[in-house]
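Asker: Protein chains in written order, with my numbering: chain A, 1 to 198; chain B, 199 to 525.
In case anyone wonders, no lab produced these hints; they're calculated from the structure. Just so you know, not all the hints are guaranteed correct.
Chain A residues, not near chain B, derived (Cβ > 10 angstroms throughout) [stated by the list, open to error]:
1. S104
2. P111
3. L118
4. R120
5. L134
Okay, the calculated beta carbon distance ranges per label pair [claimed, not checked]:
6. S248/B - K109/A: 49 to 57 angstroms
7. G403/B - I153/A: 32 to 40 angstroms
8. V273/B - G158/A: 41 to 49 angstroms
9. Y229/B - P183/A: 31 to 39 angstroms
Note that the structure is predicted; figures quoted are calculated from it, not measured. By construction, the Cβ of each residue, glycine as well, lies at the ideal position given by its N, Cα and C atoms.
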Amino acid sequence: MNRRRFVQAMGALALSAAGGMSKTLAAAPHEVARLRFLRPPGAKAEEEFLNTCIRCGQCGEVCPNQAINYFKFEDGLSAVDTPFITPREQACILCMKCGDICPSGALEKIPAEAEDILGRVRMGRAVVDKRLCLSYNGKTCGVCYRACPLQDIAMKCGMLEQPIVTEACIGCGLCERSCISMPQAIRILPSLDKEQKA
Amino acid sequence: MSRYPNRWKYVNALRLVVLTLAFVPLVFLPYSTIYQHFLAAHAYDMLNASDQRLYDVMNFLTGNFITDAKQFDVVKGTTWSATFWGFKLSDPLAVLSQTAAHTHLHGPLLLSVLLPVLATVILGRFFCGWLCPANLLYELADWIAERLRRAGVPLGDRRFDRRLKYGVLAVGVIASAWGGTVAMSAIYPPAIVGREAYYLIATAGAGAGTAFFAVTLLFDLLVARRGFCRVLCPGGALYSLLGRYRLLRVQRKVDLCNDCKKCDQTCMFDLNPMADGFGQECNNCGACIAVCPTGSLVFEWARKDGPPQGPGHLGSVYKKNKGTPHA
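Go ahead and model the full structure; you've got the sequences and the hints to work with.
Answerer: Okay, here's the thing in structure tokens:
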């Protein structure tokens with residue numbers, strides 16, 4: 001095989017590989033991966049977030065809880081280097097510094113006050129799996145209730161410390177982070193879409 | 199002392215110092231971020247030996263000025279976009295790409311590029327030579343490549359049309375608009391270098407940007423000397439366009455030029471100072487000024503480049519044809 005043939009073969013290989021991968025790479029991560037992730041607090045709806053974020057990485061640098069990670073190449077080209085939070089690993093403590101430092105407008109600037117946070121942050125909503133939750137199975141736990149930064153507003157405490165998530169929950173993920181059940185009995189369902197963000 | 203003193207002999211050395219100083223924060227800030235977490239946690243005893251060492255070094259460097267972890271919040275970011283005490287600066291390319299993707303201008307981001315754009319309009323493509331962190335690495339690689347070439351290693355030195363980078367800029371803008379995503383940040387080396395330095399130092403590891411940057415370095419070494427900056431960089435293209443009518447220019451004093459061609463050889467962008475060929479792509483780096491043995495190249499405030507002036511008056515061609523300037 002001479003050099004030209006080799007280059008042609010490699011080119012064809014690369015093209016077919018790209019063809020196969022492009023569907024995965026071009027799509028946003030919430031469309032491809034069965035990966036559950038949150039955007040930092042104050043994030044715009046997913047589509048708008050992707051075309052606004054300039055990938056400067058300052059939100060992750062300023063995050064005091066090291067909660068913000070960045071998508072890699074394999075999570076889709078359109079989302080590469082955008083910030084996300086995996087609440088089970090490290091959850092958001094709602095300090096709102098990321099929105100302060102964001103230069104692009106992808107993260108809204110929201111004052112770190114309860115009313116503003118409750119009114120404008122919508123990362124997701126906690127959902128309890130009653131089959132896994134200790135408190136729903138006769139063992140008094142209440143760890144998630146105590147971890148909740150918006151106690152009695154976002155999460156109320158029932159009999160045997162059973163967590164009752166209310167409509168006010170904004171999905172910071174501190175309950176999921178703190179759940180002592182393995183796997184966790186409380187999870188954040190992300191709100192990435194506009195409808196849910198309203 | 200030479201008969202023709204060069205007042206700007208050290209301008210290139212000064213530039214390299216500035217370039218290095220601009221690079222230092224990209225390494226320092228990720229470390230300061232880690233240190234900031236350690237400081238806030240008040241748990242020195244819990245750190246492992248290497249983290250304790252990092253803590254000690256950072257404490258030695260900053261302990262006299264910074265006692266509260268929050269104080270580190272005031273300076274964050276990279277050359278792509280940075281925050282100084284709440285004042286934000288961004289790369290004009292970020293705005294262009296975001297605007298293409300988003301079809302709507304974001305006021306605060308627009309404000310953050312005001313100063314860079316103004317500086318570029320006045321000083322031309324100065325970012326490339328004086329601040330760009332990727333350029334420092336490319337220059338380092340080129341310095342090594344030069345020594346390898348002299349040692350007889352066959353490295354590539356192909357020439358491509360420099361206008362290709364305007365195409366790359368256009369492709370980046372179209373990709374941003376079509377993909378609905380700020381695609382430019384993935385193909386623009388300075389953004390990549392800052393980001394990847396943060397990933398490497400302060401997070402789990404490098405992203406795809408490191409691989410991309412390595413490819414551009416190989417392109418420089420094996421295919422075209424300083425090829426990425428000269429031929430492909432979309433940021434360089436944007437800065438060249440913004441700096442087309444720059445006010446500060448390198449100009450040639452023909453009566454002092456001796457046609458030695460050192461300036462042409464030292465130019466990182468493959469321009470021809472000796473033939474008065476500066477154009478919009480000159481980045482006012484001053485390397486040609488510093489290398490000139492007779493001080494015939496100078497910075498001047500001017501709206502336009504002067505016309506070609508022919509052979510230098512100290513050169514043999516001019517002396518042979520005295521009186522007929524364009525011989």
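Asker: Hints first: check each against the structure and report whether it holds.
Answerer: Quick rundown of the hints versus the structure:
1. S104: violated (5 angstroms)
2. P111: Holds, since 15 angstroms exceeds 10 angstroms.
3. L118: Per Cβ check, L118/A is outside 10 angstroms of chain B; nearest 24 angstroms; holds.
4. R120: It holds; R120/A is separated from chain B by about 17 angstroms at its closest Cβ, greater than 10 angstroms.
5. L134: Since the minimum Cβ distance to chain B is about 29 angstroms, L134/A lies beyond 10 angstroms and the statement holds.
6. S248/B - K109/A: 49 to 57 angstroms: violated (37 angstroms)
7. G403/B - I153/A: 32 to 40 angstroms: holds (39 angstroms)
8. V273/B - G158/A: 41 to 49 angstroms: holds (47 angstroms)
9. Y229/B - P183/A: 31 to 39 angstroms: holds (35 angstroms)
Hints 1, 6 from the earlier list are contradicted by this structure; the remaining hints agree with it.
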